[in-house]
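J.: If you want the building blocks of each chain, they are given just below.
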Amino acid sequence: MTVAHGRSVPTASRRWFRWRPDQQWEAYLFLVPSLIGFLIFTALPVIASLALSFVHWNLLTPPIFVGVANYVQLLTRDRIFQKVFWNTAYFIVTIVPLQLILGLMMAVALNRPIRGRTVYRLIYFMPVVTTIVAAALIFQWMFNRDFGVVSAMIWKLAEWTGLPITPPDWLNSPTWARPAVVILTLWKNTGFTMVIYLAGLQAIPRELYDAAEVDGANAWQRFRHITVPMVSPTTFFLLVIQMIGAFQLFSEPYVMTRGGPAQATLTIVYYIYQNAFEFGRMGKASAIAWVLFAFIFVFTFIQTRLQRHWVHYEAGE
Amino acid sequence: MRSTLLGRRHPRSGSWVAHLALHGALLAGSVLMLLPFAWMLSTSLKEPREVFAYPPVWIPSRIAWENYVETVSVMPFGRFYLNSAIVAVSITALQILTSSLAAFAFARLRFWGREPLFMLYLATLMIPFQVTMIPNFILIRYLGWYDSYKALILPPAFSAFSTFLLRQYMRTIPMDLDEAARIDGASSWRIWGQVIMPLSGPAIAALSIFVFLGAWNDFLWPLVITASLDMRTLPVGLSAFQGQYNVQWHLLMAGSVIALIPVLVVYIVAQRWFVEGITLSGMGGR
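Here the protein sequences come in this chain order: A and B.
According to this note's numbering, the first sequence is numbered sequentially starting from 1.
According to this note's numbering, the second sequence is numbered sequentially starting from 1001.
Honestly, the hints are just simulated from the structure, not real lab data.
Small disclaimer: the values here were computed from a predicted structure and weren't measured.
Incorrect hints may have been included.
FRET-style restraints, in silico, Cβ to Cβ [unchecked claim]:
1. B/1189 x A/202: 35 to 41 angstroms
2. B/1262 x A/40: 28 to 34 angstroms
3. B/1018 x A/169: 40 to 46 angstroms
4. A/163 x B/1034: 25 to 31 angstroms
5. B/1021 x A/83: 42 to 48 angstroms
6. B/1243 x A/61: 25 to 31 angstroms
7. A/310 x B/1185: 53 to 59 angstroms
8. B/1179 x A/302: 41 to 47 angstroms
9. A/73 x B/1061: 54 to 60 angstroms
10. A/105 x B/1243: 33 to 39 angstroms
Some chain B residues close to chain A (C-beta under 8 angstroms, calculated; not the full set) [what the hints assert, rightly or not]:
11. 1024
12. 1028
13. 1099
14. 1101
15. 1109
16. 1127
17. 1134
18. 1261
According to the in silico footprint, chain B covers these stretches of chain A (three or more CB under 8 angstroms from chain B) [said to hold, decoys possible]:
19. 65-76
20. 255-264
21. 275-282
22. 288-302
Here a beta-carbon is modelled for each residue, glycine too, at the ideal position from N, C-alpha and C.
Bound-form chain A, shown alone (with noise of 0.2 angstroms):
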């Protein structure tokens, strides 16, 4: 983001000295495509959404104004709400932590001068440009308890090792559901994560574990003291973006398990979805949306003041 400032900025006079009418006009008619664009489908929607979150509606019936019984409804009286709220803290606690630590060592073992670690990346970064719903596809098969070939790896494993393992019927038991879909985004976004690191990483100035070697650092000193913190900026960047994603899951559970068995893989998403497209309750739906921004931005918001604390970013910069 440092280059947006990289140009001179022109002294009050020069920008003065510099203006000129028919620019206004001229300037207008390049933003008028996006602009109008931008008020259709993205300005005027945000505040019809608030207002919807404020009525019922079917879409059928007229309107009813309600105040701010949706919103009411939804945080004090509706279990599915919580259900679904505490469904998503379980994928976001769990996928967010898992993608930055498995991304990151993908990326410092691909960052290492070895033979073929193009064609790793190659098939790391596979799953990332996949159509998610064919991705879904593959996981509910895989983890299909009688033929899936999951359960057929559990089943070789007891036999091995002589332990009473016998694999869950994971899409149909509440327990085990949530992990599947855990397993099927790992293996989807981390291959996203490692090249975001691999980014990272290649702006390491090599001296530093060139000295910390000659200081007589191993090889976990170097990579606690040196690479954490030296991609703590790109960690920041994907903590927040991957919170985000993980805020708004909704893809993969639809496909795997229409958000079962029992509801234990329905998200907030999901629920916006189900209320605004199944259910009828638009204004309901809205105001889940209107919950899940709220969620979005405190949640960033505080991310942004601890950064201080934890992001390392260099001097000068």
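With the hints as your guide, set chain B onto chain A.
T.: Chain B in isolation, oriented as in the chain A frame:
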């Protein structure tokens, strides 16, 4: 950086053991990453009786190519492809066009209200899509565009994020170029088209890849805004296919292969630009 890494003279202590362990771990990781693809491909080529065999069969005893014929005959996958292609190409083209025009104004022209307007664009970046989705759905229905290309293409054709990204890039181009062109009598339109756009090539290429891929893989909006089989994009079509053929795993997996092959081919061919694009688009977090 790479040359210094490769050119290291002093090998690390115990290097070959560590090296072997590293390769072992990376290979295991690769197997885990490729396993789902292999299982999908394998199932898609099995006869129904082998699909439910235990222990699972990895190599079908007979390659059942007819699964693919059956898959495309029970579901209009050709149509899904066409829809996805039309939608993704249109969204990419429109988004790049509208965003680059606006970015040019924000980055290189002066006008009344520029900063507040730009701040407004930025502010909406924080608002999740789900907030605007419902009013957009209602608006599209009101306009009579439900279940049409217009509904699939127009709402995602304008992006504050793309505008922001291109503006950031365009600001790094020296202002002297515009002034020189103006002195030579070029209009703002020519400066946009013949000076700034060509110089923004790398950013536009990177952004195009991500917009295209995002549009191609998008699920939620096409799911809510289409109803007929004829208007389904590939992901939504595949999901509808799942609903109807839930136990026909060989067909479902054939459908998944059909959906994934083009994306994977594009990725393998253009993979260099993916990584470059991520770095260029400022997603590196630096």
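J.: Could you run down the list of hints and mark each one as holding or not?
T.: Taking the hints in turn, this is what the structure says about them:
With their beta carbons about 39 angstroms apart, residue 1189 of chain B and residue 202 of chain A fall inside the hinted range of 35 to 41 angstroms. A hinted range of 28 to 34 angstroms for the beta carbons of residue 1262 of chain B and residue 40 of chain A is consistent with their spacing of about 32 angstroms. Checking the proposed 40 to 46 angstroms range against residue 1018 of chain B and residue 169 of chain A shows it holds: the Cβ atoms sit about 41 angstroms from each other. The beta-carbon spacing between residue 163 of chain A and residue 1034 of chain B, approximately 27 angstroms, falls within the hinted interval of 25 to 31 angstroms.
A C-beta distance of roughly 44 angstroms is found between residue 1021 of chain B and residue 83 of chain A, which places it inside the suggested range of 42 to 48 angstroms. In this structure the hint that residue 1243 of chain B and residue 61 of chain A lie 25 to 31 angstroms apart at CB holds, the actual value being about 30 angstroms. Checked against the hint of 53 to 59 angstroms, the C-beta distance between residue 310 of chain A and residue 1185 of chain B comes to roughly 55 angstroms, which is consistent with it. Between residue 1179 of chain B and residue 302 of chain A the CB atoms are about 45 angstroms apart, so this pair conforms to the stated range of 41 to 47 angstroms.
A C-beta distance of roughly 58 angstroms is found between residue 73 of chain A and residue 1061 of chain B, which places it inside the suggested range of 54 to 60 angstroms. For residue 105 of chain A and residue 1243 of chain B, the Cβ-Cβ distance of about 38 angstroms falls inside the hinted range of 33 to 39 angstroms, so the restraint holds. Taking 8 angstroms as the C-beta contact cut-off toward chain A, the hint placing residue 1024 of chain B at the interface is violated, the least distance being around 11 angstroms. Taking 8 angstroms as the C-beta contact cut-off toward chain A, the hint placing residue 1028 of chain B at the interface is violated, the least distance being around 11 angstroms.
At about 6 angstroms, the closest approach between the beta carbon of residue 1099 of chain B and any beta carbon in chain A falls short of 8 angstroms, and the interface hint on this residue holds. Hint on residue 1101 of chain B holds. Least Cβ distance to chain A is approximately 5 angstroms, under the 8 angstroms limit. Evaluation of the residue 1109 of chain B hint against chain A yields a held restraint, the C-beta minimum of about 4 angstroms falling below 8 angstroms. About 6 angstroms separates the beta-carbon of residue 1127 of chain B from the nearest beta-carbon of chain A, less than 8 angstroms, and the hint is met.
With a cut of 8 angstroms, the hint placing residue 1134 of chain B at the interface with chain A holds, because the nearest CB-to-CB distance is about 5 angstroms. For residue 1261 of chain B, the suggested interface contact is broken, since its CB lies about 10 angstroms from the closest CB of chain A, more than 8 angstroms. With 0 residues having a Cβ less than 8 angstroms from any Cβ of chain B, the stretch 65-76 of chain A misses the three-residue criterion, and the hint is violated. Counting residues of the stretch 255-264 of chain A whose C-beta lies closer than 8 angstroms to any C-beta of chain B gives 1; at least three are required, and the coverage claim is violated.
For the stretch 275-282 of chain A, the assignment as covered by chain B holds, since 3 residues bring a beta-carbon within under 8 angstroms of that chain's beta-carbons and 3 suffice. Requiring three or more residues with a Cβ within less than 8 angstroms of a Cβ of chain B, the coverage given for the stretch 288-302 of chain A holds, as 7 such residues are present.
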